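*Asks:* What follows is each chain in one-letter form.
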Amino acid sequence: MYVAVKGGETAINNAHKLLADRRRGDRDVAALTLSQIKEQLSLAVDRVMAEGSLYDRDLAALSIKQARGDIIEAVFLLRAYRTTLPRFGYSLPVDTGEMKIERRISATYKDLPGGQMLGPTFDYTHRLLDPELVEDEAAGEPETREPDAGHTQRVSYILANEGLIEGDGKNGHGAEVPGDITRTPTEFPMNRDERLQSLSRGDEGFLLSLAYSTQRGYARSHPFVGEIRIGEVDVEIEVPELGFSVPVGRVQVTECQMVNQFQGSAKVPPQFTRGYGLVFGQLERKAMAMSLCDRALRARELGEDIVAPAQDEEFVIAHADNVQATGFVEHLKLPHYVDFQAELGIVRQMRREYAERNDAVSEMIKEAAE
Amino acid sequence: MGDLQSIRRNRLAVLAMSDTSELVKCWKTLGVDPEFTMPRAPQTGIVGLRGRIGGGGDAFNFGEATVTRATVKLASGSIGHAYALGRDHTKAKLSAIIDALCLDDDWSARIEDNIITPLRNQIESRDERRAAETAATKVDFFTMVRGED
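Residue numbers (my numbering), protein chains in the order written: chain A, 1 to 370; chain B, 1 to 149.
Please note that a few of the clues may not be correct.
As the list claims (entries may be wrong) - Chain A regions said to be covered by chain B (calculated; three or more residues, Cβ under 8 Å):
{"hint": "1", "stretch": "133-145"}
{"hint": "2", "stretch": "277-284"}
{"hint": "3", "stretch": "301-307"}
The set of hints was computed from the structure by calculation and includes no laboratory data. This one's a predicted model, so the numbers in the text were calculated from it and none came from an experiment. Note that CB positions come from ideal geometry on N, CA and C, so glycine has one too.
Pulled out of the complex, with its shape left as it was, chain B reads as follows (with noise of 0.2 Å):
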C-alpha cells in the first residue's frame, strides 16, 4: 500500500469511529460549503461479521452490523467515499465530502490538521483513559509466606 493510499485509508478509519456531533464541529471551523452531488446518496445495508476459529484459525461468520456508505462528487469532479459502521447518513455524507476534498493536497493538510488529528486525538484519549480504567484491575498476586523456613 502506497503512501497516499495509507494516508487516506488511516484518514477514512478515523472518521469512521468518530462521533457525529464532534466531527460536524470540526467540519465548521473550515467554514466551507463547497458544491457537490451524490452518485450515491447515504445508505444503510448490513455486513457479514467475521472472526477466525480459535482466535487465529480459518475464518467464520459471526453476525452481521449494520453500515452505512456515501459516495459524493465535488464540482472539481473529485470523488469521495465513506464507510462506517452504524446508521448515520450524515456521517457518511459528510465523510464522504472530506475524502473527496482531500483528494486535493492543500485542503488535505488543512482537513487534517482541523478535522483528522483532533477527533484521533479524542479518540485515543478514550482509548487511553479505558485501558488505564482496565489496568486499575489487574490482580497483583502477592504469597503468604507462614511457619518457619
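Next up, chain A with everything else stripped away, as it sits in the complex (with noise of 0.2 Å):
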C-alpha cells in the first residue's frame, strides 16, 4: 500500500519567511552590502570560490549573505548555480611562473633569486585581537619600495638544475586533454589530473586534517614547503569567431609547490619527490593541504606502501567532497516516518523473540536447581 502524506506546506513557507527575517537580523543595523563583503571578507569569498569550483567574487559574496555567513551552504548555492549556466569549454593552462606576485615565499632556501617576500600575511602577527577594529579605525596606507627587475624564478627549477628532484608531474594517462571530473563519472583507480581536481575543490577542513596526519605519521613523507606563491595570472581561452586565443581577464591563484624527501624504490632513484597545491584566491592553507594529499595519494605510482587514510585515494576523493558529504549527512533529517516504523516493528519483534528466550533459559535454571 502507498499512503501518499501531504502538509507542511505553511509551515514550510513560514519558516522561510522567519528565515528571510533572521537572516537580516536587527533593522537598526545596516544591510550588508556585497562589495562589503568582497573587500572585508575577500577570505571567506576565495574559500567559496575554490570549493564552490567556480571564480566569480560577486556570485560568491551572494551566497556568503545568503547562507548568513555558512560556508558550507554558500559552497552549495554556488555550486547549484553554476549547474545552470552554458559551456564554452575551457582555458588554455594559465602559467603560474608569469604571475603577479602578491606574496612569494620558501622554506627550502633563504636567498632565492626573487627573494622572499612576506605580502599580506597572517604570519608573525601575534593573534592577540585588536581592540581597533571594535570601531571603524582608519587603515594606513602600505608601504612601497621599487620592485626588483627580472623574473622571479621557480624554487622547483632551482633544484631541478642539480637534477635532485622530479620533473613536473604527468597526469598518469599520457593523453593530452585532461579529464573533467565535472563532466564523467569518477571512477578509482583516479589519474593524478583528476585527483587534482577533486582536490582543489575538496572541502579545506577535511584536506587539512588528513595533511596533518601525513606528518603526525600516517603517511609519513619528510615535507619542505619549496614555495608558495599567490597572485594573479592571466586567463587566455581560443576563440573560434576570431581563430586566435584572447585574455579574457586575470584570477588570483595560490600555488604551492611541496617538496618530499623520498628513499627511492625498485623504480625510481633516490631524489626529491613533489606534491602540488593550485586553489583560486588566497588560500595559503588549503593549497599546502592540498600539496601534502596530492604527494600522499602518489603512493601507488611510486611503489610505496599503502598504510594509511591519506594514501587511500578512495577514501579521501570521495570524502573531500563538503557539498556531497553535507548532503548525505543531512538527508537523515528528512522525514523517514515509513523507514522508521518498519524498524520499530523489527525491533518490538525483536525484543519480544528475545525475552521469550530469556523465560525459556530462566525456567530451565529453576528446574535444574529444583
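Quick one: dock chain against chain with the hints and give me the complex.
*Replies:* Listed below in C-alpha cells is the structure:
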C-alpha cells in the first residue's frame, strides 16, 4: 500500500519567511553590501569560490550573504548556480610562472632569486584581538618599494638544475586532454589530473586534517615548502570566431610546491619528489594541504606501501567534497517515517523473541535448581 | 600571429580586463553611437580553468569561471567579438562594438588613443602599485656576527 502524505506547506513557507527575517537581523543595523563582503571578508569569498569551484567574486559574496555566513551552504548555492550556465569550453593552462606576485615564500632557500616576499600575511602577527577594529579605525596606506627587475624563478627549477628533484608532473594517462570530474563520473583508480581537480575543490577542513595526519606519521613524507606563491594569472581561451586565443581577464590563485624526501624504490632513484597545490584566491592553508594530500596519494605511482588513510585514494577523494558530504549527512533530517515504522516493528519483534528466550532459559535454570 | 591579429588580441585583452565604468567613460569621449545588430546578444557561461601539474607539467582542470561573450554586427557589415571573465553584459556588448569598429583603420587609431591606451595605463599603474606594495614586504636578511673572528 502506498500512502501519500501531504501537509506542512504553510509551515515551510513560514519557516522560510522567518529565515529571511533572521538573516536580515536587527533592522537598526545597516544591511551588508556585497562590496563589503568582497572587500572585507575576501578570504571567505575565496574559500567559497574554491570549494564551489566557480571563480566569481560577486556570486560568492552573494552566496555568503544568502547563507548567513554558513560557508558550506554558500558553497552549495554556488555549485547549484553553476550547473545552470552553458559551457564555453576550457582555458589554456594558466602560467603560474608569469604570475603577478603578491606573496612568495620558500622554506627551502633563504636567499633565492626574487627573494622572500611576505605580502598580506597573518604570519608573524601575535594573534591578539585588536580593539581598534571594534570601531571603524582608518587603516594606513601600505608602504611601497621599487620592485626588483626580472623574472621570479621557480624554486623547483633551482633543484631541477642539480637533477635532485623529479620533473613537474605527469597526469598518468598520457593523453594531452586532461580528465574532467564534472563531465565524467569518478572511477577508481584515478589519474593524477582528476585527483588534483577533486582536491582543488575539496573541503579545506577535511584536507587540512588529512595533511596533518601525514605529518603525524600516517604516511610520513618529510615535506618542505619549496615555494608558495599567491597572485593573479592571465586566463586565455581559444576563440573559434577569431581563430586565435585571447586573454579574457585574470584570476587570483595560490600555488604550493611541496618538496618531499624520497628514499627511492625499485622504479625510481633517491630524489626529492613533489606534491602540488593550486587553488582559487588567497588560500595558503588549502594549497598546502592539497599539496600534502597530492603527494600522499601518489603512493601507488611511487611504489610506496599504502598504510594510512591519506594514501587511500578512494577514501580521500570520495569524502573530500563537502557538498556531497553535507547532502548525505543532512538528508537524515528528512522524513524517514515509513523506514522508521518498519524498524520499530523489527525491534519490537526482536525484543519479544529476546524476552521469550530469556524466560525459557530462566525456566530451565529454575528446574535444574529444584 | 600577424601584426593585425596581435593588435586585435591585445586590444581585446585590455577591454576584457578593464573596469566597466572606466570603459564607458572612455567610450563617451568618442561621441559616437553606431547602429548595430547583435547576432549573439551578451551571454554568460562558464569556462573550465586549467593549470599544469607542478606548474609546468601535464594540464589539469582546477575549477571554472564565469565568462560573458557577445557578437555585434555594425551597419557597415563589420563583426566584432568580446569575451571577458565575469557576468557584465554592458562590458561585453560595448567591447564587441569597439572590436567591430576597430576593423576600420581610422577608427582603430582613434580607439587606440581614446580608449585602449588610457585603459591600459590604468591597468599598468595598478599592477605597478601592487608590485611596489609587495616589494616593500621583501625580507632583507642580515647576519649578526658574534665574538672574535
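*Asks:* For each hint, tell me whether it holds in the structure or not.
*Replies:* Hints versus structure:
Requiring three or more residues with a Cβ within less than 8 Å of a Cβ of chain B, the coverage given for the stretch 133-145 of chain A holds, as 4 such residues are present. Three residues within the 8 Å Cβ limit are the bar, and the stretch 277-284 of chain A against chain B gives 3, so the coverage statement holds. Under a criterion of three residues with beta carbons nearer than 8 Å to beta carbons of chain B, the stated coverage of the stretch 301-307 of chain A fails, only 0 such residues being counted.
Of the numbered hints given earlier, the model fails hint 3 alone.
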